[in-house]
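Participant: Residue-level listing of the chains:
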Amino acid sequence: GAGVSQTPSNKVTEKGKYVELRCDPISGHTALYWYRQSLGQGPEFLIYFQGTGAADDSGLPNDRFFAVRPEGSVSTLKIQRTERGDSAVYLCASSLMGGVGDEQFFGPGTRLTVL
Amino acid sequence: KNEVEQSPQNLTAQEGEFITINCSYSVGISALHWLQQHPGGGIVSLFMLSSGKKKHGRLIATINIQEKHSSLHITASHPRDSAVYICRSRLTFGEGTQLTVNP
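For the protein sequence lines, the chains are U and F, in the order given.
22 is the number that the working numbering gives to position 22 of the first sequence; each next residue is one higher, with no gaps.
Just add 1000 to the spot in the second sequence (first one is 1) and you have the working numbering.
Hints are not guaranteed to be accurate.
[To be verified] Derived DEER-like restraints, expressed as beta-carbon distance ranges: (1) U:G99 / F:H1078: 29 to 37 Å; (2) U:E71 / F:I1065: 36 to 44 Å; (3) F:P1039 / U:G101: 26 to 34 Å; (4) U:L96 / F:S1007: 26 to 34 Å; (5) F:G1040 / U:L96: 36 to 44 Å; (6) U:T7 / F:A1076: 37 to 45 Å; (7) U:L115 / F:A1076: 42 to 50 Å.
Rather than coming from a laboratory, the hints here were simulated on the basis of the structure.
By construction, the Cβ of each residue, glycine as well, lies at the ideal position given by its N, Cα and C atoms.
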């Protein structure tokens, strides 16, 4: 079956621009997670949705970052006024129920480069 | 805040060697996950552990809940095992261990 997909796979933008990154989770998965991974580092938690609502957004670094999941399926991570430090691979994952022991299924990531 | 620490950060081995990667966490948890990340970013889950030991092929994972420590072992390592191995405790990931197995 289809796994988690993310689009675009690569995004190059200029400092100050607005970007949107999309995640299509596995059908039926209620939990969706966004992570950011810099080179040589482990993924860093950004935000977690349970259904349509953000259950935990404590990882968002500042108010330039925002994410939505209006119908409880597809999610969009939005970054305003991008900065060079935002360059990273943005990973999305989904899990069936969002429990502590749930396996998270990861998408291939979107590599964001801010020039 | 739960801190997750892995060691070593980098590991180079010869084909056939026994590999051990360690993970320590600071907050009591009910489950810990081991992941494998290949070049290009794809992450796959290897194990979810809540106690004891699990084995899958040449991979073995153990956890000691009281000591807040887990290990991932690879027996008879092979060049195709070369990847980054990451432990995860809920929403917190370790830094990863870059494993390179040389033929």
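Participant: Work down the list of hints and note, for each, if the structure agrees.
Facilitator: These are the hints, each one checked on the structure:
no., hint, result
1, U:G99 / F:H1078: 29 to 37 Å, "holds, 34 Å"
2, U:E71 / F:I1065: 36 to 44 Å, "holds, 39 Å"
3, F:P1039 / U:G101: 26 to 34 Å, "holds, 28 Å"
4, U:L96 / F:S1007: 26 to 34 Å, "holds, 32 Å"
5, F:G1040 / U:L96: 36 to 44 Å, "violated, 26 Å"
6, U:T7 / F:A1076: 37 to 45 Å, "holds, 39 Å"
7, U:L115 / F:A1076: 42 to 50 Å, "holds, 45 Å"
Checked against the numbered hints above, the structure breaks only hint 5 and satisfies the rest.
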